[in-house]
Structures are given as structure tokens and as C-alpha cells.
Amino acid sequence: MSTRRTECLATFLALMLGLTLTAHADIPLIDFEAALAAVPVSDVGRAIAAIEVGTGQQDFPSFEMMQYLQRLATTAYSESERESLLVDVFAALEEGLPIDGLITKGLEGLARGVPAVSIHQSLHQRRILLAETRDLLYAKGIFSVAPGSPQSVDTALPTPRFNLLVTHISDTIADSLEGGGSPFEGQMLLQEVRFRLTSLSGAILNPADVELVLKRLEPADLTRVALSAVS
Amino acid sequence: MKSIDLDDVLRAALRQEVAEAAGGLDDLEERIVFELGERRPRLRVGDWLRQLIAPTRSGRIGQLGLVGATAAICLLVGFFAATHFGLDGAAPRIQRASPLNADGTQEVLFVLPALDANEVAVVGNFNSWEPTTLTDEDEDGIWTASIPLPPGRYEYAFVIDGRWWGQDPLADEYVHSFGEYSSVRYIGGGDGA
Numbered sequence: 001m002s003t004r005r006t007e008c009l010a011t012f013l014a015l016m017l018g019l020t021l022t023a024h025a026d027i028p029l030i031d032f033e034a035a036l037a038a039v040p041v042s043d044v045g046r047a048i049a050a051i052e053v054g055t056g057q058q059d060f061p062s063f064e065m066m067q068y069l070q071r072l073a074t075t076a077y078s079e080s081e082r083e084s085l086l087v088d089v090f091a092a093l094e095e096g097l098p099i100d101g102l103i104t105k106g107l108e109g110l111a112r113g114v115p116a117v118s119i120h121q122s123l124h125q126r127r128i129l130l131a132e133t134r135d136l137l138y139a140k141g142i143f144s145v146a147p148g149s150p151q152s153v154d155t156a157l158p159t160p161r162f163n164l165l166v167t168h169i170s171d172t173i174a175d176s177l178e179g180g181g182s183p184f185e186g187q188m189l190l191q192e193v194r195f196r197l198t199s200l201s202g203a204i205l206n207p208a209d210v211e212l213v214l215k216r217l218e219p220a221d222l223t224r225v226a227l228s229a230v231s
Numbered sequence: 232m233k234s235i236d237l238d239d240v241l242r243a244a245l246r247q248e249v250a251e252a253a254g255g256l257d258d259l260e261e262r263i264v265f266e267l268g269e270r271r272p273r274l275r276v277g278d279w280l281r282q283l284i285a286p287t288r289s290g291r292i293g294q295l296g297l298v299g300a301t302a303a304i305c306l307l308v309g310f311f312a313a314t315h316f317g318l319d320g321a322a323p324r325i326q327r328a329s330p331l332n333a334d335g336t337q338e339v340l341f342v343l344p345a346l347d348a349n350e351v352a353v354v355g356n357f358n359s360w361e362p363t364t365l366t367d368e369d370e371d372g373i374w375t376a377s378i379p380l381p382p383g384r385y386e387y388a389f390v391i392d393g394r395w396w397g398q399d400p401l402a403d404e405y406v407h408s409f410g411e412y413s414s415v416r417y418i419g420g421g422d423g424a
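Same order as they appear, the protein sequences are chains A and B. Going letter by letter, the first sequence gives residues 1 to 231 in our numbering. Going letter by letter, the second sequence gives residues 232 to 424 in our numbering.
Simulated from the structure, these hints should not be mistaken for laboratory data. Where is the CB? At the ideal position from N, CA and C, for every residue including glycine. Hints may contain errors.
[Claimed, not checked] Which bits of chain B does chain A cover? Going by a derived footprint, with three or more residues having C-beta under 8 Å, they are:
#1 364-372
#2 408-418
[Said to hold, decoys possible] Quick list of the computed label-pair ranges, beta carbon to beta carbon:
#3 Leu331/B <-> Gln121/A: 48 to 56 Å
#4 Asp347/B <-> Gly96/A: 45 to 53 Å
#5 Arg394/B <-> Asp135/A: 39 to 47 Å
#6 Gln58/A <-> Glu361/B: 37 to 45 Å
#7 Ile27/A <-> Pro379/B: 39 to 47 Å
#8 Ile27/A <-> Ala333/B: 21 to 29 Å
#9 Gly180/A <-> Arg394/B: 54 to 62 Å
#10 Ala220/A <-> Leu307/B: 53 to 61 Å
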């Protein structure tokens, strides 16, 4: 009786462990490895390491990343072109930047069938803007802390909330630049950032975070960020 | 002395003259109005309509009057129709997004009039830029799809017979992407739908 109870308990624990692992790591690294080999990527080890860094983040877009790799493998681009469309994604992962915007832009470029160089330029500019925006928020005293960590000050935001701000501010600047906007029009950039953040406030952005950021941003800050991506 | 007396006489005569004339001016305005009223011809219905239509010296006030009267009649008829035939007084609005579903998503309506199209789809960052087909069951050229989406910002474009078209009139904004337009919808939140 006791043995049977132990077996049941062991089965239950194994089942729970399996479910937990499945929930945490949506797609196993070995699947990513196979997808990378199909692209192909010259340095699979580095690519896997970058993805491993990404999967450690709560907001890592596993499925979108896998879709991107799978579609990239089936495009008519040359091998070097395909790899060039991953360089900035992996660099962003290594820098701990949120990559949602990069992946969705890459997928859009593939769907539109635009030349690989256009996608590469867009991804490269967006990665620089992500890094510069994050640095700008740091400079403004707004930081990220690991989810669950005690929030000592109001300006220390949990990483997913912080990353959302970084993504939407940098994407707004990138969209403006791609649309022919001038980096010197800081006031215009600020208006566009304000519109996007307030439109998403309460939907996916914390209203207090939006208020905090908009209170601290100046037109000149956004000009500086935009200039870094075009210089 | 004699000249002084003469002056006094003249002054008194003048005062009397003025007093009498002032009495004659009493109720002058009322009398004029009354007399004009007596002389004004009585208008019949035909004359009244002719006067309404005819241009006047100050412009086309007469014609404008007719237009105004017609508009007023139309408004009255419209109001009557609306109240008696169950029409809503407010302008019809296309409902772009429904209230929240139990899972936190909203049914977002994508609508595109494309009369000659054989196939219409929508692609966007909500479906990883993979086409979701729009349907036109009654074949009136209005293609629709309802897609459940969680709150957020969505970039998208329609694909009409393989051709991308990114300027949805129902979009909240447009962005340039790879040299083309993409539409943007905000679902939930501040200024969104």
C-alpha cells in the first residue's frame, strides 16, 4: 500500500515537474538549434548562447523567434543575407535588450518580400535605438529590477514593464525616421512618443510608468537618441 | 426801448410757433406706420410664394429662404421617420472592437470594401504577418474578419489579390514601413478603440 502511494506521489511529482518545465521553456533549445542549422548560421554556438540569454527573460518571444528562423530558412535570400538578418537580433539578446520589435519588423520585411538589405538596415537602426533608449531611461533615473524583487523606489520598474517602455519609445523614433522624419525635430518626436505611450496606457503599459517617463523626457533627449541611429 | 419791445414780441411769437409745431409731431411715427399699413396690399398665397422665390435687392435671400424652408421640412420628415420607424438619431458608427472577452481579448473587426476583389486578407503583427482571410458571404464587396486580440498596438495591412494595401480608413494612425504604409490600431487603453 505504502509502495503504491509512493509510486503515485512520484508520478504526480514527475508530471508537475514536466508541466513546470514545459511552461517555463516554451521551445527547447534543441529546436532552436535545428532551426538555426536550416538558415544556416555560421556560429551556431554563439547564436544558441544568445537565445539562451533571451529565454532567461520573462518576456522573451519564443514562438515569434522560432517563426522568424523558420521563415528565414525558406526565403530566396542568399545564405549570407539570411545570416545578416539575425546579426542584430543576437546582438540585442546579448545586450539584454527586448527583441519583440526586431522580430516583428523582420517578419514584416520577409512577408513583404523586400530586399534583405532593407530589412537589415531597419533591424540595425532599431537595435541602436533600443540601446540608446534604454541608456536614456537610465540617465533619467529610471531603472529595471528583476520581477519579484523589492521595488525600493518608484523609478525602479520590473524588467517587463521597463522593456515595454524601451520598446515603444524606440519603435516610435524608428517609425518616425523610417517615415522620413528628421532627428532634429525633438518636439515632434516627443509628441509622437506621448501619443503612443498614452494610447497604450492602461492597456499594456502601466499608467504610472507612462506618467513617470513623460514627465522626465525632453525633446532634446529624443533628438540625441535619434541622431545616434542615423550618424 | 422800442427796439427791445420789438425783440420781445418776436421771441414770444417764435416760442408759440415752435410749441404749435411740436404738438404736430406728437405720435408722428405711429401715424406713419398706421398709414403704411393701410396702404400695404394684402398678399395671397401665390404672391407670398413668388416673393419667397424671387431674388431681392439685398441678394438671394428669397431663394435661400426657400432652401431653408425645404431643409426644415426635410428635417421634420426625417425626425418623424426616425421616431416612428425606429431609426437611431445618432450617425451610424462602425463598431471596431467589442467589449472584452473572458480571456481578456477583444473581437476586433477588420472591414474593407473591395468590389472587384477575389481574395482579401489581413496581415499584421498580431498574426506574425501571415494572412488571415476576410470573407464576403453576401457578395456585396464588403470583406470582413473579426479577430480576437488582447490589448495592444497592432500594425497591419490588407492584401487584396496579392497586393498590399496599408491605408485602412478605420486605422488610428499610419506608419511608413519599408517604403509602404501600414495601418495601426490601438486596442484598449487611453486613446485606443
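Hints, verified against the model:
Residues of the region 364-372 of chain B lying with their CB closer than 8 Å to a CB of chain A number 0, which falls below the three-residue condition for coverage. Taking a C-beta to C-beta cut-off of 8 Å, the region 408-418 of chain B contributes 7 residues in contact with chain A, enough for the three needed, and the coverage statement holds. In this structure, leucine 331/B and glutamine 121/A break the distance hint of 48 to 56 Å, their C-beta atoms being roughly 39 Å apart. Between aspartate 347/B and glycine 96/A the C-beta distance comes to about 50 Å, which sits within the given range of 45 to 53 Å.
Judged by the Cβ atoms, the range 39 to 47 Å given for arginine 394/B and aspartate 135/A holds: they are separated by roughly 41 Å. In this structure the supplied range 37 to 45 Å is violated for glutamine 58/A paired with glutamate 361/B, their Cβ-Cβ distance being about 25 Å. Restraint check, isoleucine 27/A to proline 379/B: a C-beta distance of roughly 23 Å breaks the suggested window 39 to 47 Å. Evaluation of the 21 to 29 Å hint for isoleucine 27/A and alanine 333/B yields a pass: the beta carbon distance comes to about 27 Å.
One distance hint, 54 to 62 Å for the beta-carbon pair glycine 180/A and arginine 394/B, is violated here, with the actual separation near 23 Å. Separation of alanine 220/A from leucine 307/B is about 59 Å and conforms to the stated range, judged on CB atoms against 53 to 61 Å.
The structure does not agree with the numbered hints 1, 3, 6, 7 and 9 stated previously, though it agrees with the rest.
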